[in-house]
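Colleague: Spelled out from the first residue to the last, the chains are:
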Amino acid sequence: DAGVIQSPRHEVTEMGQEVTLRCKPISGHDYLFWYRQTMMRGLELLIYFNNNVPIDDSGMPEDRFSAKMPNASFSTLKIQPSEPRDSAVYFCASSLGQGAFIPEQFFGPGTRLTVL
Amino acid sequence: DAKTTQPTSMDCAEGRAANLPCNHSTISGNEYVYWYRQIHSQGPQYIIHGLKNNETNEMASLIITEDRKSSTLILPHATLRDTAVYYCIVRVPTGTASKLTFGTGTRLQVTL
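Respectively, the protein sequence lines represent chains A and B. Mapping to this note's numbering: the first sequence position 101 is 101, numbers consecutive. Mapping to this note's numbering: the second sequence position 71 is 71, numbers consecutive.
No lab work stands behind these hints, which were simulated from the structure alone. Watch out, some of these pointers could steer you wrong.
[Said to hold, decoys possible] Quick list of simulated restraints, FRET-style, between CB atoms:
hint, chain 1, residue 1, chain 2, residue 2, range
1, A, Thr76, B, Ser9, 31 to 41 Å
2, B, Thr65, A, Pro70, 22 to 32 Å
3, A, Met40, B, Thr72, 26 to 36 Å
4, B, Leu112, A, Asp57, 44 to 54 Å
5, A, Lys68, B, Ser41, 41 to 51 Å
6, A, Lys78, B, Thr94, 27 to 37 Å
7, B, Thr79, A, Ser7, 26 to 36 Å
8, B, Ile63, A, Gly42, 40 to 50 Å
9, B, Thr101, A, Gly16, 29 to 39 Å
10, B, His40, A, Arg64, 26 to 36 Å
11, A, Gly3, B, Thr101, 35 to 45 Å
12, B, Thr65, A, Thr76, 38 to 48 Å
13, B, Thr65, A, Gly16, 48 to 58 Å
Cβ coordinates follow ideal geometry from the N, Cα and C atoms, glycine included.
Produce the entire structure from the sequences given, and follow the hints as far as they go.
Modeller: Here it is as structure tokens:
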């Protein structure tokens with residue numbers, strides 16, 4: 001398996017522009033997580049899905065952020081409009097749950113977002 | 001989640017065992033101990049986890065004290081590629097509680 005795939009790996013955009021980050025989880029995994037990592041705040045969970053359904057989005061900073069999972073093999077995280085404080089590395093992770101038990105999470109390589 | 005305490009940094013000679021300690025004195029009965037590492041500019045990588053018994057896999061061994069208040073991650077033969085920040089996390093692996101929150105971790109430097 002190729003592992004969790006994220007695209008793009010790097011994104012530089014200007015304030016106010018729309019940004020879309022993409023993630024392909026490991027085949028067969030039923031949990032998908034979006035995290036954000038910054039030096040100041042460390043790793044933060046933004047949202048996670050189970051069987052394509054959003055379960056907890058309490059970590060999403062504000063309405064400018066939205067996430068979708070139209071099918072089991074694809075998810076997007078969108079920021080509209082983007083702001084400089086959104087600059088961070090965004091990670092997607094997936095996991096094969098055992099019912100409600102969520103063992104290890106496997107992370108993608110991340111998308112480094114820079115908003116000018 | 002219980003708070004963990006790890007040394008800020010450690011050095012290890014290549015080929016030697018790296019022993020990374022973690023204190024989690026407030027761990028509750030249903031919390032597991034997880035270890036992840038993050039190599040520079042890469043995503044976090046799962047290493048191992050355990051509840052109360054010692055665990056071993058192809059990457060490492062995890063030793064958990066009988067009172068579960070501390071644990072040690074052992075890399076039996078460290079290589080230069082093991083240079084990374086290692087995170088000890090205690091969590092209940094169900095629902096929203098399963099989210100991973102990384103502290104500052106231990107920066108392991110493996111040297112020749």
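Colleague: Determine for every hint whether it applies to the structure shown.
Modeller: Cross-check of the supplied hints:
no., hint, result
1, A:Thr76 / B:Ser9: 31 to 41 Å, "holds (38 Å)"
2, B:Thr65 / A:Pro70: 22 to 32 Å, "violated (46 Å)"
3, A:Met40 / B:Thr72: 26 to 36 Å, "holds (30 Å)"
4, B:Leu112 / A:Asp57: 44 to 54 Å, "holds (47 Å)"
5, A:Lys68 / B:Ser41: 41 to 51 Å, "violated (27 Å)"
6, A:Lys78 / B:Thr94: 27 to 37 Å, "holds (28 Å)"
7, B:Thr79 / A:Ser7: 26 to 36 Å, "holds (30 Å)"
8, B:Ile63 / A:Gly42: 40 to 50 Å, "violated (26 Å)"
9, B:Thr101 / A:Gly16: 29 to 39 Å, "holds (31 Å)"
10, B:His40 / A:Arg64: 26 to 36 Å, "holds (30 Å)"
11, A:Gly3 / B:Thr101: 35 to 45 Å, "violated (22 Å)"
12, B:Thr65 / A:Thr76: 38 to 48 Å, "holds (44 Å)"
13, B:Thr65 / A:Gly16: 48 to 58 Å, "holds (53 Å)"
Violated hints for the displayed structure, listed by number in ascending order: 2, 5, 8, 11.
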